[in-house]
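Keeping their order, the protein sequence lines are chains A and B.
My numbering numbers the first residue of the first sequence as 1 and each following residue consecutively.
My numbering numbers the first residue of the second sequence as 1 and each following residue consecutively.
Be a bit skeptical, because a hint or two may be false.
Stated by the list, open to error - DSS-like, lysine-lysine: derived pairs with alpha carbons at most 25 Å apart:
(1) A:Lys-281 x B:Lys-450
(2) B:Lys-98 x A:Lys-120
(3) B:Lys-148 x A:Lys-103
(4) B:Lys-362 x A:Lys-6
(5) B:Lys-122 x A:Lys-127
(6) B:Lys-132 x A:Lys-127
(7) A:Lys-103 x B:Lys-98
(8) B:Lys-205 x A:Lys-103
(9) B:Lys-2 x A:Lys-120
(10) B:Lys-228 x A:Lys-281
(11) A:Lys-5 x B:Lys-362
(12) A:Lys-120 x B:Lys-450
(13) A:Lys-106 x B:Lys-198
(14) B:Lys-198 x B:Lys-187
(15) B:Lys-132 x A:Lys-238
(16) A:Lys-120 x B:Lys-148
(17) B:Lys-176 x A:Lys-116
(18) B:Lys-176 x A:Lys-127
(19) B:Lys-194 x A:Lys-238
(20) B:Lys-205 x A:Lys-127
(21) A:Lys-130 x B:Lys-194
(22) A:Lys-238 x B:Lys-189
(23) A:Lys-127 x B:Lys-116
(24) A:Lys-130 x B:Lys-198
(25) A:Lys-103 x B:Lys-228
(26) A:Lys-238 x B:Lys-231
(27) A:Lys-120 x B:Lys-132
(28) B:Lys-189 x A:Lys-127
(29) B:Lys-231 x A:Lys-103
(30) B:Lys-205 x A:Lys-106
(31) A:Lys-130 x B:Lys-205
(32) B:Lys-122 x A:Lys-103
(33) A:Lys-115 x B:Lys-187
(34) B:Lys-194 x A:Lys-106
(35) A:Lys-238 x B:Lys-122
(36) B:Lys-187 x A:Lys-127
(37) A:Lys-127 x B:Lys-198
(38) B:Lys-116 x A:Lys-120
Please keep in mind that the hints were generated in silico from the structure rather than gathered at the bench.
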Amino acid sequence: MSDSKKIFLTIFIFLALNVFVWQQILFHKPNKDTELYFFDVGQGDSQMVILPNNVKILIDGGPNDRVLGQLSSILSPFDRYIDLVVMSHPQTDHFAGLIGVLKRYKVGAFVFSGKKGLVKSFNDLEKAIKENQATVVVLGEGDKIKYLENKFDILSPSKNLLQSNEPNDWTLVMKMVSGGVKALFTGDIDSLVENSLIGKYYLGVDILKVAHHGSRFSSGKEFLAATAPKIAVIEVGKNSYGHPTKDALERLAFAGAQIFRTDRDGTVKLIINNRQINIFKTRPAEQ
Amino acid sequence: MKIHDISFYIASFFIFGVLIASLKLSFSIIITIVGLAIVIFLFIGYFSAEGGSASGGKKSQKIIWLSALSLFIIIGAWYYFWWSNSQIKNFNIIFNEKINFQGVVIDEPERGNQQKLIISLKSSGSGKILIKLQQYPVFNYGDIIDFKGIIKKPEPASYADYLAKDGIFGVVSFPKTELIAENQGSKLKSTLFKFKEKVIVVFQKTLAPEKSAFLSGITLGERAEFSKEFKEAMNKSGTTHLVALSGYNITIIANTMMGLFIWVFSRRKSFVLSILVVSGFVLMTGAEASVVRAAIMGIIILLAGQVGRIYSFRNAIAIAAFLMVLFNPKILRFDIGFQLSFLALLGIVYLSPAIRKFFKMKDEPGFLLWRENLAATIGAQLAVAPLLMSAFGYFSFISFIPNILILGFMPLTMAVGFALGFLGLISYQLSVLLALFLNFFLSYEVFIIKFFGQFSGLEIKSFSLWLTAIYYLILITFIFRYKFPKKFL
Chain A
1 MSDSKKIFLT IFIFLALNVF VWQQILFHKP NKDTELYFFD VGQGDSQMVI LPNNVKILID
61 GGPNDRVLGQ LSSILSPFDR YIDLVVMSHP QTDHFAGLIG VLKRYKVGAF VFSGKKGLVK
121 SFNDLEKAIK ENQATVVVLG EGDKIKYLEN KFDILSPSKN LLQSNEPNDW TLVMKMVSGG
181 VKALFTGDID SLVENSLIGK YYLGVDILKV AHHGSRFSSG KEFLAATAPK IAVIEVGKNS
241 YGHPTKDALE RLAFAGAQIF RTDRDGTVKL IINNRQINIF KTRPAEQ
Chain B
1 MKIHDISFYI ASFFIFGVLI ASLKLSFSII ITIVGLAIVI FLFIGYFSAE GGSASGGKKS
61 QKIIWLSALS LFIIIGAWYY FWWSNSQIKN FNIIFNEKIN FQGVVIDEPE RGNQQKLIIS
121 LKSSGSGKIL IKLQQYPVFN YGDIIDFKGI IKKPEPASYA DYLAKDGIFG VVSFPKTELI
181 AENQGSKLKS TLFKFKEKVI VVFQKTLAPE KSAFLSGITL GERAEFSKEF KEAMNKSGTT
241 HLVALSGYNI TIIANTMMGL FIWVFSRRKS FVLSILVVSG FVLMTGAEAS VVRAAIMGII
301 ILLAGQVGRI YSFRNAIAIA AFLMVLFNPK ILRFDIGFQL SFLALLGIVY LSPAIRKFFK
361 MKDEPGFLLW RENLAATIGA QLAVAPLLMS AFGYFSFISF IPNILILGFM PLTMAVGFAL
421 GFLGLISYQL SVLLALFLNF FLSYEVFIIK FFGQFSGLEI KSFSLWLTAI YYLILITFIF
481 RYKFPKKFL
């Protein structure tokens, strides 16, 4: 390359960089809608809520680093900040993916129910939280997370449930209200926990994250009657437990919910605006 | 015969001996083959000496030399048998029983959605074992771990051969683990591995996963983080070689180091320091065959410059192969990385110039060196084609297009990548700025790989040995016709 060509190329590169930076500053409008993602991470849970003004809440990270590919496909490559990372409960199909997230993204706060995992990989998570310098917040029944008109009510675990030996009972159950739409995040709770919520709270929602990957011991009839979801999303992948079970699928259908499954539909994206929900799937329905 | 010729033939015959031994022929057949070869050599030598002319005498002298050196075929074969016998003597493993055993991690674990550890047994026997584990909890080089599980023999036979080349005779899937101690390995190695990991974390923090994985591949040879889809795209577009470190990367590092050190130190000292840095890099990246090959050749190149000798590619290649085979004779047949590395290099060195002559390409390299890259890519791809087809059942005919489109930007991408790695260790904010710049190149390269990865190439289930032989015969004839009008032997 001749000298003049080099100079030309350098100027061109800097011009391109300038255009890029300024267009990010001037034309990058913050989102006004709430976006809700149910990531396809195989057999495990991972959801992300993006509230207006790009406030990001990641609930669980699935069993491995697949969540990273999902995040990078929806976030700008220069957006390296996640406001809240919530761990529903300390089982690897929910938290292992969070380790990679904490290593790569700056995280505002790490939210969990205060119960630590019994598996050894939980040490890797604790190390990653420490290195990330994220604030650790323990929440339980009765607590709230609020941002502008958007809020998350924590319905569970109660102090009693935290005494349980079953890690699924420690799940942080959250009810979100945003853009006039309600959604319930249930982690891995079973029917006993589901039923304990029925009398206590008004559970009616539009969107339900189906509990425990469609296990037969979750999504009880009474609970589905109380929640009456229009949209039910099952986060599930290849597994040996028979998830999602026929029983659960039938009860969901009976409750009148439109059912989505991440193993068939891929990542499910819901855009919420003024009581309206638009649904997108990454994998088209099979013919 | 001159000394450099003699050493070339010793190396070649030795390697040939190792090769026929590793084809699992018996030793007596090998001796018969060599004996026949010597008789034929001597026979020809005798009759050409009869001719009596001066050139005839020189020629016959050379043939007599060759017949004497053929003995190195036997030495090579013997070496292979001796080596693999002593390897088997050194292990004692209890198979197919649920047992407790303890081992130390002797190499950097392969990471990804699964961890693969290579351990050396410390209790319940001796030898090396491959252990497959979940991604978490993370184990490191130098960890001592208690396991409970069943050690199995690797299957199928080809996989067993592949592992046996590194002395690994057993595999365990998802045993119970208990960490006993840390940092029990070599200080140097664990420091280098930790440094590498830190650099990769910088890439991961500043770039999207696909791009950070690609950058880790081209700068450090790290391939654990690629998604299945991206790996397939690289295979289909014929660009996988970019993320396998090769002579290209080593040459860049060696030359840069030499250039830096020479400012401060004497020539001799800079030379030694450069070799140390390159050796450290090789160790850090896991001493893969292609990297070691490149490092040995790089050192020979530097050495040749140092002692003022004429540098001969033929000898450098032969000596590099000889040293590596001496260190582990099994790689010749069972390490596809070794085979690809040498064949591709031979293609670039001998086939590419012939191709340029054949197509009467101009001598100047062209914009972003496109002519050079085109000839090099086609040369290398043609040289490895049968190997790729028999190993992966796949060959891409359009691979030269993505390669030309990418190769021109590789030196800059790599250089900025290394700079990003170092800068990130100092300041995160500054590294983000540099990543912004690097992102342009990486986006472009990743896009090209994905775009050309959509097209199907030629899928072939098997490639017969005869066809392979004929194919290489044609290539060699082509080389002799266009690159060496005369003198090669």
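Exercise. Against the structure shown, which of the earlier numbered hints fail to hold, in ascending order?
Worked result: 3, 5, 7, 9, 12, 19, 22, 32, 33, 35
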